[in-house]
Amino acid sequence: MKKNFILITLVCSFSINMTFAVSEYSKFGGRKKMVSVVNDFVSYLLADSRTKKFFIKVPRIDFKRRLFEQFCVELGGKCVYKGESMKKSHKKLKINERHFYALVELLQRSMDQNNVSQRSQNILLAKLAPMYKDIVTK
Amino acid sequence: MLLMTKFKILFVFITQVIISDVYSFTSSKLLLTGGVSQIEGAAGGGLTPWALIGSYASRDEIGANAFSTVTRTQNYSLKAQGLLIGFYNRLELSFSNQVFNTEKVGEELGLGHSFKIHQQSIGLKLKVFGDAVYKQDSFLPQISVGVLNKENKEEVVKNFGAEDIRGSDYYLAMTKILLKYGMIYNVTFRWTKANQLGILGFGGDKNSDENLMFEGSLGYLINRRLLFGVEYRQKPDNLKIAQEDAWTDIFLAWAPSKNISLTLAYVDLGNIVTHDNQSGVYSSLQVGF
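Protein sequences appear in the order of chains A and B.
According to our numbering, the residues represented by the first sequence are 1 to 138, in order.
According to our numbering, the residues represented by the second sequence are 139 to 427, in order.
It is worth saying that the hints were derived from the structure and are not from the lab.
Keep in mind that the hints are not guaranteed to be accurate.
For lysine to aspartate or glutamate, the following DMTMM-like pairs were computed, each having C-alpha atoms within a straight-line distance of at most 20 Å [claimed, not checked]: (1) B:K396 x A:D112; (2) B:K396 x A:D48; (3) B:K318 x A:E24; (4) B:K318 x A:D112; (5) B:K273 x A:D48.
No experiment lies behind these values; they were computed from the predicted model shown.
Based on the provided sequences and hints, a complete structural model is requested.
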């Protein structure tokens with residue numbers, strides 16, 4: 001009886017963990033949603049006078065791919081990030097706090113545009129926020 | 139009068155600094171991350187100063203807010219107005235007035251119907267550790283220390299047993315926004331002698347020592363523009379004439395943009411002088427850049 005109970009508990013927690021790990025990405029909206037968010041996000045970054053200058057020379061398709069991979073990984077999706085570290089890729093760019101906040105707002109706007117829930121938005125932002133220390137160098 | 143002139147001069151000066159530097163956009167921080175203006179003028183919740191530095195100014199910027207608050211309970215009303223300037227998301231300077239209207243109770247106390255007690259507060263807050271927003275990989279809060287220098291304009295409060303009409307509150311506040319749960323928490327420790335914020339003077343015939351008071355707030359971000367929360371503020375009890383209770387509230391803060399926010403709360407202020415169970419609506423408007 002006790003053995004069965006332990007077994008059931010283990011199976012349940014294993015399933016819950018597996019479900020949890022995959023579901024933040026699917027709760028966000030999965031692949032289709034993420035592609036749309038990234039597309040909008042990059043358009044906003046290139047249109048906004050606060051952030052434009054940092055992204056204008058960046059090869060667009062690769063940049064979108066890396067963003068997609070990174071956001072997917074952060075939400076526990078089955079992706080592999082093939083890009084450089086945050087520190088390396090933002091070195092010497094003289095990004096200051098204003099630019100970082102502007103980027104966060106544009107990401108929020110692109111998630112709003114795609115009807116991503118507040119909860120999922122906050123979960124992604126919570127994962128990205130600590131990258132501040134590697135990105136803001138000025 | 140002189141203090142108001144100082145407000146105006148400082149406000150104009152800051153505006154000039156901002157306008158003259160094209161790159162000094164002052165609205166960089168994210169919505170609601172500058173807090174709202176609490177009753178004594180500092181940035182925080184409604185009742186309590188938080189560790190957040192007021193305004194939307196980020197590390198390279200200067201920003202400002204002005205606020206007006208009205209609270210009405212069964213027997214009294216309390217109004218406050220003020221101005222706050224945030225420097226580089228590091229230092230906060232605030233000026234505010236509090237006006238407490240005794241209404242009918244004024245007559246009962248022999249002061250006259252609707253006798254008003256005026257107080258001015260000047261506050262300074264410094265962020266000393268951490269960041270409430272960036273450090274999402276840690277539970278550690280942003281920590282700030284601050285002082286609120288208050289001056290009550292009414293000598294008559296000494297008739298109620300108050301020792302002094304001037305006093306300073308010193309506080310340590312710890313605030314964190316936990317994005318993945320959509321929550322904000324704040325804990326403030328305050329060393330104070332103020333009776334009912336200072337409205338009934340400082341220190342008293344029951345107790346004239348500094349008191350260490352605890353204040354706490356817990357909030358839930360319904361969405362980016364809307365914060366729902368509860369607050370608790372412990373109060374000292376220095377006067378024989380008037381038992382003093384803790385203050386609590388339940389609030390909703392709405393920031394449709396960075397330039398304006400509205401806070402509505404239901405406050406429970408307990409006993410104020412001779413009347414128990416004072417409660418009512420608190421409403422506060424904040425504008426800024």
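Hints, verified against the model:
no. : hint            : verdict
1   : B:K396 x A:D112 : holds, 18 Å
2   : B:K396 x A:D48  : holds, 18 Å
3   : B:K318 x A:E24  : holds, 11 Å
4   : B:K318 x A:D112 : holds, 17 Å
5   : B:K273 x A:D48  : violated, 26 Å
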